[in-house]
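Participant: Chain residues, written in single-letter form:
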Amino acid sequence: MNTRYTVFRYVAYGLELLLLFILQSTPRLIPEIFGGKPLLLLPAVLTIAYLEDSLPAMFFGLAGGVLLDLGYSDNIGYYSFLLTVICFALSLIFRDYMVVSFFNATAFTAVITTVLVCVYFLFFFIFAGRENSMFYFVQHYISRIIFTILCGMPLYLLNKFIYRNLRDA
Amino acid sequence: MKEFFSYKSVKILIATLSAVVVAAILGATGNPWISSGFNALTKGLSQVTAAASDAVGSKTYDELKAENEKLSKEAADLRAQLVDYYDLKDENARLWKYYKIKKEHSDYEIMPASVIRRDTGEEFHSFTIDAGTAMGVSEQDPVITSNGLIGFISSANAASAKVTTVLSPDLKAGALCKRTKDAGVISGNIVYTDKNMTTLTKIDANATLKKGDLIVTSGIGGVYPSDLIIGRVDTIKYDEYDATKYAVVESFENIKRVTDVVVLTDFKNKGEVGINKGNTRENR
Chain A
1 MNTRYTVFRY VAYGLELLLL FILQSTPRLI PEIFGGKPLL LLPAVLTIAY LEDSLPAMFF
61 GLAGGVLLDL GYSDNIGYYS FLLTVICFAL SLIFRDYMVV SFFNATAFTA VITTVLVCVY
121 FLFFFIFAGR ENSMFYFVQH YISRIIFTIL CGMPLYLLNK FIYRNLRDA
Chain B
1 MKEFFSYKSV KILIATLSAV VVAAILGATG NPWISSGFNA LTKGLSQVTA AASDAVGSKT
61 YDELKAENEK LSKEAADLRA QLVDYYDLKD ENARLWKYYK IKKEHSDYEI MPASVIRRDT
121 GEEFHSFTID AGTAMGVSEQ DPVITSNGLI GFISSANAAS AKVTTVLSPD LKAGALCKRT
181 KDAGVISGNI VYTDKNMTTL TKIDANATLK KGDLIVTSGI GGVYPSDLII GRVDTIKYDE
241 YDATKYAVVE SFENIKRVTD VVVLTDFKNK GEVGINKGNT RENR
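Keeping their order, the protein sequence lines are chains A and B. If you read the first sequence in this note's numbering, its first letter stands for residue 1, the second for the next number, and so on. If you read the second sequence in this note's numbering, its first letter stands for residue 1, the second for the next number, and so on.
Quick caveat, the hints were computed from the structure, so don't treat them as lab data. Please read these numbers as outputs of a predicted model, since none were measured by experiment. Glycine is no exception: its CB is placed at the ideal position from the N, C-alpha and C atoms. Worth double-checking, as some hints may not be accurate.
[To be verified] Ranges between beta-carbon positions, derived for each pair: (1) 124(A) x 64(B): 52 to 58 Å; (2) 32(A) x 102(B): 32 to 38 Å; (3) 109(B) x 93(A): 53 to 59 Å; (4) 134(B) x 123(A): 28 to 34 Å.
[Stated by the list, open to error] Cross-link-like lysine to any residue pairs, in silico, SDA-like; alpha carbons within 25 Å at most: (5) 195(B) x 124(A); (6) 37(A) x 196(B); (7) 256(B) x 93(A); (8) 97(B) x 134(B); (9) 195(B) x 32(A); (10) 256(B) x 133(A); (11) 172(B) x 131(A); (12) 100(B) x 269(B); (13) 237(B) x 132(A); (14) 8(B) x 3(A); (15) 245(B) x 135(A); (16) 256(B) x 155(B); (17) 256(B) x 30(A); (18) 160(A) x 9(B); (19) 256(B) x 28(A); (20) 202(B) x 128(A); (21) 256(B) x 130(A); (22) 202(B) x 126(A); (23) 160(A) x 107(A); (24) 195(B) x 125(A); (25) 237(B) x 212(B); (26) 11(B) x 131(A); (27) 195(B) x 143(A); (28) 11(B) x 97(A); (29) 256(B) x 91(B); (30) 8(B) x 93(A); (31) 103(B) x 146(B); (32) 11(B) x 81(A); (33) 8(B) x 81(A).
[Claimed, not checked] Listing some non-contacts, in silico: residues in chain B with all C-beta distances to chain A over 10 Å: (34) 61; (35) 62; (36) 79; (37) 90; (38) 92; (39) 111; (40) 117.
Take these sequences, add in the hints, and give me the full structure.
Facilitator: The following block contains the structure:
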């Protein structure tokens, strides 16, 4: 079986995640717009999951989650666990029940991003008992969610391009 | 259900999740080997990108274009000079700042470091520096610049360390007003974080500090040295829930944009629970 293009595709995804991590964590590279910066890795691994089989989707979800967690707190946990499960499930859902289209991908990215970021906020701000949490949510998290969803659109197109052009016959 | 768990991919998923949970537990119990390994691998890359970002800053296209034209002209004249002239100049300026800190506080053991990464979510402007335990940095070490306290090391591995800033509610430090000796606890407040301000809480009801007063660390607890500048009082306010007083303090350093810092790896009375000379409720 010729798997050359599959390997190239996975390498391309890996490089993409690494590049997004660098873009995301480099000081002052991405400007804050309305107090928020996008979480680039989140839509990237989601869009990979829409296109790939469950196992590669799961491993890229894990990789993106680990990078997100390390960027946040130096310990893996929240995003690593959830993105591993979500990407695995998304891959199965899109394989069996959904058509991979720009609209579907954007809709799923929007819902999952909103839920993940809001649950993160719930755990690490509300349950942690921080004062004035909602102020911080309005100032930073709403714009972060919106920009993350918007970034999902070009990332979907990019990953679809990679998927189409680096695929074994 | 039994059939579902018999799938190979589901078994791999469960094994992967188990590995994630084990790694998370190990990390939470003080063995962050994944992050240590990852940080060691990406440190060089982060240094390069951070340096590139420092060079560009956040200027507009026109500003950059104008600067580029100007620099191109200058570059022709400077070719004859040493290639690393600017590096040496920057290094000299940075070392001069450290020298001043060291001269003023001979008891300080310092470790200069550069910011290599900003946190993914930039929660309270925390960041990662390029100095870790291999260079003598340890958790809870204060992080400063020549303009005063920046924060503390909240986690450290061999190659790098994470700094929680004075703008974060996670930082609690004993502090007092230099003029009146009114004491309190410095801690970030979500409302003021974006304005580069923190708060001096738990101030006595009779405190007389006012706008413009200098706030410094008290040294109580032995985590931070005494007399470390934190900032200047901007306003005095009352807590809307318990009617206690607190002061909004503006940092002298722009923490959001700081690029070079100093870690205090050791100082006089480190780890000793000192006696606060300030006017606490207990002292009155």
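Participant: Hint by hint, note whether the structure agrees.
Facilitator: Going down the list of hints, with the structure as the test:
no., hint, in the structure
1, 124(A) x 64(B): 52 to 58 Å, "37 Å, violated"
2, 32(A) x 102(B): 32 to 38 Å, "35 Å, holds"
3, 109(B) x 93(A): 53 to 59 Å, "56 Å, holds"
4, 134(B) x 123(A): 28 to 34 Å, "32 Å, holds"
5, 195(B) x 124(A), "22 Å, holds"
6, 37(A) x 196(B), "18 Å, holds"
7, 256(B) x 93(A), "42 Å, violated"
8, 97(B) x 134(B), "23 Å, holds"
9, 195(B) x 32(A), "14 Å, holds"
10, 256(B) x 133(A), "20 Å, holds"
11, 172(B) x 131(A), "14 Å, holds"
12, 100(B) x 269(B), "21 Å, holds"
13, 237(B) x 132(A), "15 Å, holds"
14, 8(B) x 3(A), "21 Å, holds"
15, 245(B) x 135(A), "21 Å, holds"
16, 256(B) x 155(B), "19 Å, holds"
17, 256(B) x 30(A), "13 Å, holds"
18, 160(A) x 9(B), "23 Å, holds"
19, 256(B) x 28(A), "9 Å, holds"
20, 202(B) x 128(A), "20 Å, holds"
21, 256(B) x 130(A), "21 Å, holds"
22, 202(B) x 126(A), "22 Å, holds"
23, 160(A) x 107(A), "16 Å, holds"
24, 195(B) x 125(A), "20 Å, holds"
25, 237(B) x 212(B), "14 Å, holds"
26, 11(B) x 131(A), "42 Å, violated"
27, 195(B) x 143(A), "18 Å, holds"
28, 11(B) x 97(A), "22 Å, holds"
29, 256(B) x 91(B), "22 Å, holds"
30, 8(B) x 93(A), "17 Å, holds"
31, 103(B) x 146(B), "12 Å, holds"
32, 11(B) x 81(A), "15 Å, holds"
33, 8(B) x 81(A), "19 Å, holds"
34, 61, "13 Å, holds"
35, 62, "16 Å, holds"
36, 79, "29 Å, holds"
37, 90, "16 Å, holds"
38, 92, "23 Å, holds"
39, 111, "19 Å, holds"
40, 117, "4 Å, violated"
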